[in-house]
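Turn these sequences into a full structure, and let the hints steer you where they fit.
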Amino acid sequence: MSRKVLLASLASLVILSSCNRQLISPGHSEKEKAELKIREMDFEFFSSKSKIEFRNERSDVKATANMRIRRDSLIWIQLSATLGLEAARCLISMDSIIIVDRVNKEYQVFDYASISEKFHFDIDYHLIQSILLGETPKEKQPSDAVQKTDDYFILQQETGDFLIENYFNNKTMLLDQVKLEDMESQRKLQLSYGQFDYLEEYIFPFKGLMLLEYFTDDGVKHKTTMTIDYSKAEVEDKPLRFPFNIPQKYTKRL
1 MSRKVLLASL
11 ASLVILSSCN
21 RQLISPGHSE
31 KEKAELKIRE
41 MDFEFFSSKS
51 KIEFRNERSD
61 VKATANMRIR
71 RDSLIWIQLS
81 ATLGLEAARC
91 LISMDSIIIV
101 DRVNKEYQVF
111 DYASISEKFH
121 FDIDYHLIQS
131 ILLGETPKEK
141 QPSDAVQKTD
151 DYFILQQETG
161 DFLIENYFNN
171 KTMLLDQVKL
181 EDMESQRKLQ
191 LSYGQFDYLE
201 EYIFPFKGLM
211 LLEYFTDDGV
221 KHKTTMTIDY
231 SKAEVEDKPL
241 RFPFNIPQKY
251 TKRL
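To convert, note that position 80 of the sequence shown is 80 in this note's numbering; the numbers rise steadily by one, no gaps.
Take these hints with a grain of salt, some might be off.
To be verified - With a straight-line cut-off of 30 Å between C-alpha atoms, the simulated DSS-like cross-links for lysine-lysine are:
(1) Lys148 / Lys31
(2) Lys33 / Lys62
(3) Lys232 / Lys49
(4) Lys188 / Lys171
(5) Lys252 / Lys171
(6) Lys221 / Lys238
(7) Lys51 / Lys179
(8) Lys138 / Lys33
(9) Lys171 / Lys31
(10) Lys238 / Lys51
(11) Lys140 / Lys207
(12) Lys223 / Lys33
(13) Lys232 / Lys51
(14) Lys148 / Lys179
(15) Lys62 / Lys252
(16) Lys179 / Lys138
(17) Lys138 / Lys232
(18) Lys33 / Lys148
(19) Lys138 / Lys252
(20) Lys140 / Lys252
(21) Lys49 / Lys148
(22) Lys37 / Lys148
(23) Lys232 / Lys37
(24) Lys179 / Lys238
(25) Lys179 / Lys37
(26) Lys207 / Lys221
Just so you know, the hints here were simulated from the structure itself, not pulled from any lab data.
And the structure:
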């Protein structure tokens, strides 16, 4: 797996798109706000094993991912391709993302300011963590609007020029979909979660699908998808290790 594909996979988690929608009037959603109960996993350490597939017009990459999370602190990802050989290792912290490319013997260091500028969106650690865990990208606020339909509670949130819609199944209260929209550009990211099952006393989505669609300046439409199928997920009782080092002979890629 190349460095470009890994970075593109991470970017796919955070690039948004546009659709000129109207916000739900907060005055009409007080009853729905009271009915919508959001419960997120309460843990310090989490581990998982999954299969990841990344597709766009140029690539179709499959890999196995081992992931460890210390909530609100670190995300450690080990990616292996064919024959189980490690292809890359990634460490996502509160202030940076470091990617070590085992195949090309290179590494890169990114801060969130540079990544946000590159992808025209305010990217931070909490956004990436929430998407990997199937949680709302932004914590629910009293000013947020909530609407109830036949199938969903829709939690609608604004952050800067961006609009986030979280779709909770109104029978199970599980987060089924998230739609992220930039009201200025022509980019759209939709997250869908499924195959829910018990993880201790919590319900966890063992399958996630990320669909990114956007138009380039020449008017060409592009589509990127990434699926994550978790074969194993655990809330850990004991602290986890996050082994990460950059060999001295590796070249820093700018």
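Ascending list of hint numbers which this structure does not respect: 2, 5, 6, 12, 19, 20, 21, 24
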